[in-house]
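**Q** So the chains spell out like this:
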Amino acid sequence: MSTVFKKSVPGREGVWPEKPRTEPRDFIDENLLRAGQPNLPSLSELDVVRHFTGLSKKNFGVDGEFYPLGSCTMKYNPKFTEEVAALPGFSRLHPMTPQLPGGGEMSSGALEVIYETERLLCEITGMSAFTLHPMAGAHGELTGALMMAAYHADKGNKKTKIICPDSAHGTNPASASIAGFDVVSIASADGIVDPDQLAAALDDEVAGVMLTVPNTLGLFEKHLPRIVDMVHAVDGLLYYDGANLNAILGHLRVGDAGFDVVHLNLHKTFATPHGGGGPGSGPVGVSEKLIPYLPISRVTRDDAGRYKLKYDYPKSIGYVAPFYGNFGVALKAYAYILRLGAEGLTRVSENAVLAANYLRKRLENDLDIPYNRLCMHEFVASACSAQKTCGVRALDIAKALLDRGIHAPTIYFPLIVKEALMVEPTETESKATLDAFVDVMKEIMEQAATDPESLLAAPVNTPVGRLDETHAARAMEITEDL
Amino acid sequence: MPYIPHTPEEVREMLDVIGVSRIDDLFAEIPEALRPKSFNLPAGMTEMAVRAHMERLAAQNAVHMDSFLGAGFYDHYVPSASDALLLRGEFYTAYTPYQPECSQGTLQAIFEYQTAVCRLFEMECSNAGVYDGGTALYEAVMMAVRQTRRKKVVVSEAVSPIYRIVLATYTKNLKLALVTVPHDKGRDDAAALADAIDDQTAAVVVQNPNFFGVVADFTGLFAKAREKKALSIISGYPVLQTALKTPGAMGADICTAEGQSLGLPLSFGGPYLGVMTCRKDLVRQMPGRIAGRTFDAKGRTGYVLTLQAREQHIRRQKATSNICSNQALCALRALINLCLSGNEGLSRQAALSIENAHYAAKRLTALPGVELLNDAPFGNEFAVVFNDNARRVARLLMREGVIPGFPLGRYYPGLENALLVCCTEKHHRKDIDRLVRLVEKVLQ
Chain A
1 MSTVFKKSVP GREGVWPEKP RTEPRDFIDE NLLRAGQPNL PSLSELDVVR
51 HFTGLSKKNF GVDGEFYPLG SCTMKYNPKF TEEVAALPGF SRLHPMTPQL
101 PGGGEMSSGA LEVIYETERL LCEITGMSAF TLHPMAGAHG ELTGALMMAA
151 YHADKGNKKT KIICPDSAHG TNPASASIAG FDVVSIASAD GIVDPDQLAA
201 ALDDEVAGVM LTVPNTLGLF EKHLPRIVDM VHAVDGLLYY DGANLNAILG
251 HLRVGDAGFD VVHLNLHKTF ATPHGGGGPG SGPVGVSEKL IPYLPISRVT
301 RDDAGRYKLK YDYPKSIGYV APFYGNFGVA LKAYAYILRL GAEGLTRVSE
351 NAVLAANYLR KRLENDLDIP YNRLCMHEFV ASACSAQKTC GVRALDIAKA
401 LLDRGIHAPT IYFPLIVKEA LMVEPTETES KATLDAFVDV MKEIMEQAAT
451 DPESLLAAPV NTPVGRLDET HAARAMEITE DL
Chain B
1 MPYIPHTPEE VREMLDVIGV SRIDDLFAEI PEALRPKSFN LPAGMTEMAV
51 RAHMERLAAQ NAVHMDSFLG AGFYDHYVPS ASDALLLRGE FYTAYTPYQP
101 ECSQGTLQAI FEYQTAVCRL FEMECSNAGV YDGGTALYEA VMMAVRQTRR
151 KKVVVSEAVS PIYRIVLATY TKNLKLALVT VPHDKGRDDA AALADAIDDQ
201 TAAVVVQNPN FFGVVADFTG LFAKAREKKA LSIISGYPVL QTALKTPGAM
251 GADICTAEGQ SLGLPLSFGG PYLGVMTCRK DLVRQMPGRI AGRTFDAKGR
301 TGYVLTLQAR EQHIRRQKAT SNICSNQALC ALRALINLCL SGNEGLSRQA
351 ALSIENAHYA AKRLTALPGV ELLNDAPFGN EFAVVFNDNA RRVARLLMRE
401 GVIPGFPLGR YYPGLENALL VCCTEKHHRK DIDRLVRLVE KVLQ
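Residue numbers (this note's numbering), protein chains in the order written: chain A, 1 to 482; chain B, 1 to 444.
Isolated chain A (complex conformation) (with noise of 0.2 Å):
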């Protein structure tokens, strides 16, 4: 399909506004003024509406597709909450409102719904106070990151390291690289966390360990009271990396598990949905003695019921963003907890762990699973089998489900995995849907043993097959002509 700028027509009428009466150059000096046009497209409102309607059916999506996509909780995204979202009382409101004379309370539903917002996500979480401000979860990270620092700082503490277990996502020592930390990695045993490995990595110059909880395997970390003792022990802070908080919902508490800085992804437990890649939100929760660093403003609620912001914290990290974070995104979020209450909440982990239970004992005949045994909302399938017998890889599974219509497993991660296939099905997903993922996988192995060599020519059902990456990089073709 050409690209949009191919399709213009010079003098196409789009969508304008009237013509002006003036020029830029009545009022400003030609020398700042820009000298030609910049060559943007002359389409009318249906080439546009067409290019675009045609661009989106080269897409799968939730909303089309099974999309078992581990670690990226591909839910089900309501669609009332877009309307919610849309309502011309939050989406028309000018984020400098509250700074106003008076603007608070001009803006103060929507300040009510960051302050609420932040207090459900404490009762979800057991922390004792969040920051909707992170626009997504490595944002997130960077501003526990940021806190940690402070903290220690504050304290009088030398600490440079933070330690990330070797199954973590990439997100966590990048995040702790930028806060200006040194990156320790240790090793997992069995899956999890190896409280000798870490036992040996921790001294005073420790200030955090940071841990997803299920792990990036779907294992719950089942030495988790131990590990929080033991960093606790050498006044290290334990950060809890959210992205697989809808594994436990209603079940722990990482707040009451111990944990003093916590990240989720909105986008994922909450069932915003991912853009093709955002916009997301990675609000920050933290313990009581990390309150005082949290970032500014923060949404206060006087005796009155009066919704106010503040900004005199003296020891706040400061602004990690501009105003309240992706408060669209929140939003929807707010409106999804609200709808679910708390025993819909509990019954989206219970549900999310069922089907990653029944998919990983269904196809377990199938398809190698490393640590085949009880697991959370999802697990960690592994193509080396294949491999060693056929030559066909986790890449030519993840493209064969394609071919059948289905979104591939994340692939290749975690790293500790080889020729990994991270399936998490999530909670939304039938039973009907999670069989026919099964007949499809089996259909898949059994012609990776009978012809491997059409495995390795897949997808051919798709707009286009396997791309040239390498060609991509080395030709760096990033714009159409300028």
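Do not take every clue at face value.
Cut-off 27 Å, straight-line C-alpha distance, at most; resulting in silico cross-link-like pairs (DSSO-like, lysine-lysine) [stated by the list, open to error]:
no.	chain 1	residue 1	chain 2	residue 2
1	A	K7	A	K19
2	B	K362	B	K430
3	B	K280	B	K229
4	B	K318	B	K172
5	B	K318	B	K175
6	B	K362	B	K185
7	B	K172	A	K158
8	B	K152	B	K175
9	A	K388	A	K442
10	B	K298	A	K7
11	B	K426	A	K19
12	A	K19	B	K362
13	B	K175	A	K315
14	B	K229	A	K158
15	B	K151	A	K161
16	A	K315	B	K151
17	B	K298	B	K362
18	A	K161	B	K172
19	A	K222	B	K185
20	A	K155	B	K175
On the chain B side, residues computed to face chain A include the following (Cβ under 7 Å) [as the list claims (entries may be wrong)]:
no.	residue
21	I4
22	E101
23	T106
24	G292
25	D296
26	N326
27	L329
28	G345
Everything labelled a hint here was simulated from the structure, so no lab data went into it. As the structure is a computational prediction, the values presented were derived from the model and not from experiment. No residue lacks a Cβ here, since even glycine has one placed at the ideal position from N, Cα and C.
We have chain A; now place chain B onto it with these hints.
**A** Quick look at chain B alone, frame taken from chain A:
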């Protein structure tokens, strides 16, 4: 239970396959001592009840007043077709395009977005966008620090204070020296900025139009930076870019922008779009996703995420940035908006906004006790100084249903009487006339 489809019979069948008798058995590994001390959330609500609740909250926000509030975040018209296209589930319920064969829609859109913003700013390379204009500027500074291996950054005080406070938070632990060069009555002090650039300087950072709405040409300053082997970073305003001299023409190395003006709702601060563009030889320092064009075995054109070796999922702590997501849907919205407008539509938006602002400035300064902060050229926003406190003036006008702009004293001590006033193509002359009448009334 909403959004959970299993019947009790199906649950039983699934438990049987797993070989456990109850759902609770699936959570057996969580020790009793770690069980929640409370989970005191309200009971669930129907969709209808949640919507009614949200509508009640939305109604408490004052969004129906005439407003001249901008300060970097602008209420431009959003064409209906853009909302309609954005709500296609194939776009908004997709994930990051790691599987390119089933993500060509998102990937081609990113490629087209990259092209459109490069053309708009006359820059050579763009990524798929970062969180917002503030983080884009921070990432630009970090690009310069990595590229030059220097630690000093010169920033004009006329750069948005909202960006500068974010920059300060992120760089605090990194031993960077942020040198802020004071503004001169709302104008960038180009001479002082040039003087501040030395052999230790990684970058000089300016904004055009600057926070006060002032329009300038930084060609000379950027040449000075080049002499000292420092990079030039400029933050722009996409809608006005059809009118104003481009960052590319000024010789900027990196240009960032808040993309909100390209059809994104104000939405109380987000989600927005951080536009990031640069010169070709800096592309490997750029964070975030980048889509590139290639082909498959049959020679068919396709698009992939490229240069991923910069990113955290490969490089972990050595990555150029920790950023994982982008604002794909926001970038798509910006692209659709640019396509619906085209050169002519966007130029008209810019020209009407500039025209309205100049009309407002002329009418306001004709009043006794009102003058412009400076005589510099401006685009669609300008600062006026009253013979009275600007917050007081604003408060009185808001009682009459008009938000007259942003009182500057909050970020610029000494400018307590100054107000930043913005216009877009959505303002009518009668709205501006009413603003002027009310200002006249409250100043009397």
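**Q** So which of the earlier hints does this model not fit?
**A** 14, 17, 19
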